[in-house]
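S.K.: Model the full assembly from the supplied sequences, consistent with the hints where possible.
Residue numbers (this note's numbering), protein chains in the order written: chain Z, 311 to 776; chain C, 6 to 487; chain L, 89 to 176.
Bear in mind the hints are in silico, worked out from the structure with no lab data behind them. Keep in mind the model is a prediction, meaning the values are calculated, not measured.
PhoX-like mimics (lysine-lysine), calculated; alpha carbons at most 20 Å apart, straight line:
#	chain 1	residue 1	chain 2	residue 2
1	L	163	C	345
2	C	377	L	118
3	L	128	C	390
4	L	174	C	350
5	C	345	Z	386
6	L	100	Z	386
7	L	174	C	345
8	L	100	C	345
9	Z	626	Z	670
10	Z	611	Z	642
11	Z	595	Z	322
12	C	91	L	157
13	Z	683	Z	768
14	C	97	L	163
15	L	163	C	88
16	C	399	C	268
17	C	350	L	100
18	C	350	L	163
Below, each chain spelled out in residue letters.
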Amino acid sequence: MIGLEIHCQLTKLESKLFCTCKANYREFEPNTNICPTCMGMPGTLPRLNKKAVEKATMIAMALNCHTPERLGFFRKNYFYPDLPKNFQITQLNMYGPTSIGDQGKVSVEGKEIRIRRIQLEEDPGRLIYEGASEKTAITLVDYNRAGTPLVEIVTEPDFDNPRQVRIFLNVLSDLLQNLDVSDPTLEGAMRADANVSVQDGPRVEVKNIGSFHDLEKAIHFELTRQQSLKERGIEITQETRHWDDKRKITISSRSKEEDEDYRYILEGDIPWVIMDDHAIQSWKKKMPESISSKKERYITKYGIPLQVADVLSSDKYYSDLFEQAHHETNAKEIANLITTDLMGLVDTREKREQSKLIPKHLSDLVDMINSGKVTRSSAKNALVEIVKSGKSVAEIISSTGMTKISDSSELGKIIDEIISQESAAVQQAKENPQTINYLVGKVMQKTKGKADPAITLKILKEKIGI
Amino acid sequence: MSLAISAIDYINGIKNGSITAEEFIAKTLDHIKKQEPKLHAFLSINEDAIEQARQIDKKIKSGQKVGAFYGMPISIKDNICIKGGKTTCASKMLQNYTSPYDATVVSNLKSQDAILIGKTNLDEFAMGVATEFSAFGPSRNPWNVDYVPGGSSGGSAVSVAGLESILSLGSDTGGSVRNPASFCSIVGLKPTYGLVSRYGLISYSNSIEQIGPMGRKVEDVALLLNHIAGKDPYDPTTLTSPTPDYLSGIDVGISGKKIGIIKEMSSGAGLDKTVESVFRNAMSAFEKLGAKIEEVSLDMVQYTVATYYVLTTAEAGSNLSRYDNLRYGYELDSEGYEFKSYISKARRNFGPEVTRRMILGGFVPSAGFAGKYLLKALKVKNKLKKQIQSAFTKFDYLISPTVPVLPFRFGEKIDDPLAMYLADINTVTANLTGVPAISIPYEIRNGLPVGVQIHANILQEKQLLQAGYALQNTTEIPEINL
Amino acid sequence: MVTKEEIQNIAKLMRIDIENTDEYFERVQKVLSYFDILDKADIEGEEIPVQEISIENLREDQYAPFNDKLIQQLKNYKGIYIRAPKMN
Numbered sequence: 311m312i313g314l315e316i317h318c319q320l321t322k323l324e325s326k327l328f329c330t331c332k333a334n335y336r337e338f339e340p341n342t343n344i345c346p347t348c349m350g351m352p353g354t355l356p357r358l359n360k361k362a363v364e365k366a367t368m369i370a371m372a373l374n375c376h377t378p379e380r381l382g383f384f385r386k387n388y389f390y391p392d393l394p395k396n397f398q399i400t401q402l403n404m405y406g407p408t409s410i411g412d413q414g415k416v417s418v419e420g421k422e423i424r425i426r427r428i429q430l431e432e433d434p435g436r437l438i439y440e441g442a443s444e445k446t447a448i449t450l451v452d453y454n455r456a457g458t459p460l461v462e463i464v465t466e467p468d469f470d471n472p473r474q475v476r477i478f479l480n481v482l483s484d485l486l487q488n489l490d491v492s493d494p495t496l497e498g499a500m501r502a503d504a505n506v507s508v509q510d511g512p513r514v515e516v517k518n519i520g521s522f523h524d525l526e527k528a529i530h531f532e533l534t535r536q537q538s539l540k541e542r543g544i545e546i547t548q549e550t551r552h553w554d555d556k557r558k559i560t561i562s563s564r565s566k567e568e569d570e571d572y573r574y575i576l577e578g579d580i581p582w583v584i585m586d587d588h589a590i591q592s593w594k595k596k597m598p599e600s601i602s603s604k605k606e607r608y609i610t611k612y613g614i615p616l617q618v619a620d621v622l623s624s625d626k627y628y629s630d631l632f633e634q635a636h637h638e639t640n641a642k643e644i645a646n647l648i649t650t651d652l653m654g655l656v657d658t659r660e661k662r663e664q665s666k667l668i669p670k671h672l673s674d675l676v677d678m679i680n681s682g683k684v685t686r687s688s689a690k691n692a693l694v695e696i697v698k699s700g701k702s703v704a705e706i707i708s709s710t711g712m713t714k715i716s717d718s719s720e721l722g723k724i725i726d727e728i729i730s731q732e733s734a735a736v737q738q739a740k741e742n743p744q745t746i747n748y749l750v751g752k753v754m755q756k757t758k759g760k761a762d763p764a765i766t767l768k769i770l771k772e773k774i775g776i
Numbered sequence: 006m007s008l009a010i011s012a013i014d015y016i017n018g019i020k021n022g023s024i025t026a027e028e029f030i031a032k033t034l035d036h037i038k039k040q041e042p043k044l045h046a047f048l049s050i051n052e053d054a055i056e057q058a059r060q061i062d063k064k065i066k067s068g069q070k071v072g073a074f075y076g077m078p079i080s081i082k083d084n085i086c087i088k089g090g091k092t093t094c095a096s097k098m099l100q101n102y103t104s105p106y107d108a109t110v111v112s113n114l115k116s117q118d119a120i121l122i123g124k125t126n127l128d129e130f131a132m133g134v135a136t137e138f139s140a141f142g143p144s145r146n147p148w149n150v151d152y153v154p155g156g157s158s159g160g161s162a163v164s165v166a167g168l169e170s171i172l173s174l175g176s177d178t179g180g181s182v183r184n185p186a187s188f189c190s191i192v193g194l195k196p197t198y199g200l201v202s203r204y205g206l207i208s209y210s211n212s213i214e215q216i217g218p219m220g221r222k223v224e225d226v227a228l229l230l231n232h233i234a235g236k237d238p239y240d241p242t243t244l245t246s247p248t249p250d251y252l253s254g255i256d257v258g259i260s261g262k263k264i265g266i267i268k269e270m271s272s273g274a275g276l277d278k279t280v281e282s283v284f285r286n287a288m289s290a291f292e293k294l295g296a297k298i299e300e301v302s303l304d305m306v307q308y309t310v311a312t313y314y315v316l317t318t319a320e321a322g323s324n325l326s327r328y329d330n331l332r333y334g335y336e337l338d339s340e341g342y343e344f345k346s347y348i349s350k351a352r353r354n355f356g357p358e359v360t361r362r363m364i365l366g367g368f369v370p371s372a373g374f375a376g377k378y379l380l381k382a383l384k385v386k387n388k389l390k391k392q393i394q395s396a397f398t399k400f401d402y403l404i405s406p407t408v409p410v411l412p413f414r415f416g417e418k419i420d421d422p423l424a425m426y427l428a429d430i431n432t433v434t435a436n437l438t439g440v441p442a443i444s445i446p447y448e449i450r451n452g453l454p455v456g457v458q459i460h461a462n463i464l465q466e467k468q469l470l471q472a473g474y475a476l477q478n479t480t481e482i483p484e485i486n487l
Numbered sequence: 089m090v091t092k093e094e095i096q097n098i099a100k101l102m103r104i105d106i107e108n109t110d111e112y113f114e115r116v117q118k119v120l121s122y123f124d125i126l127d128k129a130d131i132e133g134e135e136i137p138v139q140e141i142s143i144e145n146l147r148e149d150q151y152a153p154f155n156d157k158l159i160q161q162l163k164n165y166k167g168i169y170i171r172a173p174k175m176n
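M.R.: As C-alpha cells, then:
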C-alpha cells in the first residue's frame with residue numbers, strides 16, 4: 311500500500327504566505343528576498359495572505375474535499391536551520407476540521423484515491439552543503455524560500471503500485487496548472503514523499519525524493535525491499551528512510567525518537583478564519599472549468615476525437631490557446647494544429663516562455679489552410695517561424711514563399727522530374743497503387759511542402775497511368 | 006520645575022511656555038544618572054534624547070505642528086523593539102540584538118513627538134514577578150530599595166515611580182504591568198486583548214499578552230492609551246472596533262454602577278492581612294462614590310494559576326525556539342560543533358527561570374502529556390471566559406486586590422516556585438479572559454505600596470479608566486523620597 | 089510522577105544542555121504536580137477558545153520588499169549565505 315504527501319507551492323501568488331516578500335523566490339540572489347517576518351525576527355507576526363486561502367481552497371474543492379467552517383493554524387515545533395522560527399506554521403485537524411480541506415477523492419483510471427487532508431503551510435528555507443558530503447560539510451542557508459505558500463496534500467494509502475502514483479501525480483499536476491495556482495514545472499514547486507507498506511506491515515516513510523521519476527523508482531525499490539524482508543521472515547521496522555539519488559536506493563535515517571514529538575500548539579497569532587459561505591461560493595464561481603468538463607465539451611460540441619480532446623484539455627497552455635483561437639467553424643482544425651504540429655515546438659516551460667506565438671496566429675493559419683492558400687505541411691513550417699519571430703501569418707507566408715503550388719503546369723514539371731528520378735518507385739506504384747504515396751512525399755519534399763497534395767496525386771496518377 | 010508632574014501638567018507647561026522639552030529632558034537625564042546606581046530601572050538610555058528635545062522645541066517655537074506628547078519622556082520595556090537600538094529582553098541570549106524595525110507602538114509614540122528616554126529592565130523574557138530574573142541584575146523598589154519592584158515590567162514601574170520618566174510602556178502576560186504598578190504605587194493598565202498592537206513586542210505567551218500603559222496618574226495612562234490603541238494591519242489579532250477618546254469624560258464618576266468583588270481573589274488564606282485591610286478601605290471608598298457592591302464567585306479562578314502556567318510555558322517553549330544563535334544572538338564560535346550540539350550549548354545562555362519554563366513548556370504540549378495538561382488548560386480558559394462574561398451581565402466592574410501579598414524582599418520567593426507563581430493569582434484572570442484590568446495605587450502601609458485592581462468587560466477601557474479616576478481621587482499617596 | 093530521565097529527554101527536545109538534572113528536577117516536579125489540580129476542574133464539554141477573523145480582514149496579496157539589507161544585519165553572514173554548523 312502506498313500513500314503520498316505532496317507539497318505544492320502556490321507559485322502564482324505575488325507575496326509569501328505571511329509577509330510581503332515575493333512568493334516566487336527564484337529570481338533573487340540568495341537571502342535578498344527576506345524581511346523581519348519571514349526571518350522570524352523577534353516581535354514579528356504572521357499576516358495571512360488572503361489569496362493563498364482562496365487558491366488553496368480552490369485546490370481543495372477541485373479535489374472534492376470538504377472545506378472547514380473555520381480555518382485554524384498550528385505550530386509544528388522542531389529545530390532545523392532552514393526554519394527561522396524553529397517551528398513551522400501549518401495546519402492539522404487536532405481540534406476538529408480546521409485545515410483547508412479534508413475527506414476528498416480523485417479518480418485515477420477508475421481507481422478512487424482518497425485525500426485525507428489538505429493543509430496550507432509555509433515552506434522552509436534551503437540548505438546548501440559546502441564540502442564533500444552532508445556529514446562533513448559546512449551548512450549554508452538561503453532563506454529566500456522561507457515563507458513561500460505551500461499546500462500539502464495528504465492521501466490515504468490507496469495506491470496499489472508505482473504506476474498509479476505516477477498517473478495520479480500527472481493528473482494532479484495538470485489540475486494545479488488548470489486552476490492557475492501553481493506551475494509544477496518550476497524546480498521544487500511540486501515535491502512528494504511516500505508512505506510504503508506491504509500486507510498490513512509497518513509504514514515506512516520515504517523522503518528526499520528529487521523528481522517524480524525517482525519517486526516511482528523509490529517506491530518500487532521500497533516495495534521490493536520490504537517484500538524481500540518479509541519473505542525471509544525479517545521484521546520490517548517503522549521508520550523514515552531517505553532516497554539516495556546516486557545509488558538509487560532508500561537508506562534508513564538515523565532514528566531520532568526525540569525529534570518525532572512536534573509539540574503541536576495553536577498558532578495564537580493567526581485568529582481562526584471564518585470561511586463564510588458567500589466567499590467560498592464566489593471562489594467556486596471563479597474557478598476555471600475543470601479538465602474533465604473541458605474534455606467533454608471538446609468532444610460533444612466540436613466533435614474533436616477523444617485522444618485529441620484528452621491532450622488538449624489536460625494541458626492548460628494548449629487549452630488556453632485553443633479557447634482563444636477557435637470559433638464555431640474552425641475548432642477541429644485548431645485542435646489538430648495544436649496537437650499535431652505545435653506540440654513538439656513548445657513542449658517545455660522554457661520553450662513556452664520564449665515562444666512568440668499568440669492565439670491569432672493559429673486562427674489565421676487555419677483560415678489560410680481552409681481557403682487553400684497554404685498546405686498543412688507549409689503551415690507546420692510556418693509555425694516554427696512564428697514561434698521564433700512572432701511575425702504575422704501573412705508576412706511569413708508571403709516572405710518565405712509558402713503559398714501553395716496548385717498550378718497544374720508548374721506541378722507537372724516537378725512531377726515529371728520526380729518520375730524520371732524514381733523509376734523503380736513508379737514501377738512499384740503501377741503494380742501496387744497504394745505505394746504512390748511515396749511519390750507524393752517526394753513531390754512534397756521537393757516543393758518544401760508547398761505542393762497541393764490533392765492536385766499532386768491527381769497529376770501523378772494521370773502521368774503514371776493508374 | 007518638578008519631575009513629579011503628571012503628563013497632563015507637562016503638556017500644559019510646554020504649551021504655556023513655563024518649561025521647554027530640552028530643560029525637562031536634561032533634568033530627567035540628570036536625575037536618571039543619580040538614581041540609576043540605586044534603582045537600576047534602565048538597561049539602556051537614549052543618547053539622542055537632548056537633541057530630539059531640541060528639535061521638538063524648535064518645532065514648538067516656529068509654530069509647526071507638534072505631536073501630542075511635546076517631547077515628553079516615555080520609557081519602553083526592553084522587550085519592545087526600537088529600530089536600530091538594542092532590545093535585549095534582559096537576556097544574555099539577546100545581549101547584542103539590534104532590532105531592524107520599530108514596534109507599532111514605538112512608531113506611534115515617535116510620530117507623536119514622545120522622547121523614548123530609555124529601555125527598561127524586566128525579568129528575562131518577561132518571565133517573573135520581581136525583575137530578579139533579569140540577566141543584568143534586578144531593579145529596586147524606589148519606596149524601599151530592599152524590596153522588589155514587582156515584575157516583569159519592574160524597570161518600567163521603577164522609572165515612573167522614581168520620576169525617571171513620566172510614562173512607560175510595559176507588557177502584561179499574567180500581571181506584568183499591574184503587579185509592578187501595585188508594588189511601586191503607580192497606575193498600570195492591561196488593555197483588552199487585541200486593543201493594542203503586539204507587532205514588535207517580543208512574544209512570551211502571544212495568545213494572552215498585551216502592551217500596557219503605565220503612569221503616575223489615571224489620566225496619564227488614558228492619554229498614553231489614546232495613542233497606542235487601535236487596529237494595526239501588522240497585528241492580525243488587533244480588533245477592528247473604533248477606539249474612543251479615553252481622556253474625555255474621565256471624571257464622570259461611578260455613581261449607580263454595580264461592582265462585584267471577586268470572592269476567590271479577595272479572601273482566603275493566601276491574602277495578606279495588610280492588603281486585605283487596604284482593599285476594605287477601597288471598598289468603602291467605592292460605596293461612598295455611589296457604587297453598589299456585592300460579592301461574586303468565579304469558581305474557575307482556583308484553576309487559573311495552573312492554567313496560566315500550562316498555557317504560557319507551552320507558548321514560550323515555542324516562541325523562544327527561534328533563539329538558536331544562528332541568525333542573531335551572541336558570539337559563540339560554531340567550530341567543532343554540529344548543529345544540535347551547537348544550539349543546545351548556545352541556549353544555555355538562557356537564565357534558570359527561562360530554562361525551567363522551557364522544560365515545563367516542553368512537557369505540557371508533548372505527545373504524552375498534551376491531553377493531561379494543555380487540553381485541560383484550554384478548556385478551563387474557555388469556561389473562565391464564560392464565567393466572567395456572565396458576571397459582567399450583572400456588574401459593571403469586578404474588583405480585587407491587585408496582588409494578594411505586599412512587596413517582598415529580594416530572594417524571599419525566588420526559591421519557592423509555587424509561592425512565586427501564586428502571587429499571580431489575582432492578575433492572570435484578565436489575561437486568560439482577555440478583559441481589561443487596571444491597578445490603582447491606594448495606600449502606602451509601613452512604607453510599602455498596595456494597589457487595587459478593577460476589571461471591566463471587553464473593550465470597556467473608557468469605563469474602566471473612569472472608575473480608576475474616581476478611586477484615585479479618594480486617596481492621597483504621599484510623595485516619594487528618593 | 090515525572091522522572092529525571094524524562095526531564096533530561098525534554099531538555100534535549102527543547103535543545104538546552106542541562107548539566108545537572110537535579111538542579112531542575114525538584115522544581116519542575118513540584119510545578120508539574122501542582123498542575124494536577126486541573127484534573128479536578130469540571131470542564132466537561134468545553135470548547136477550545138480561539139480568536140476569529142473574517143476573510144475580508146486578511147492581508148491582500150501584494151509584493152512589497154523590505155528595503156533594508158536584512159542579511160547584512162545578521163550574524164554568521166558569509167558572502168551571500170547564513171552559515172550554520174555542520175549537520176549530523
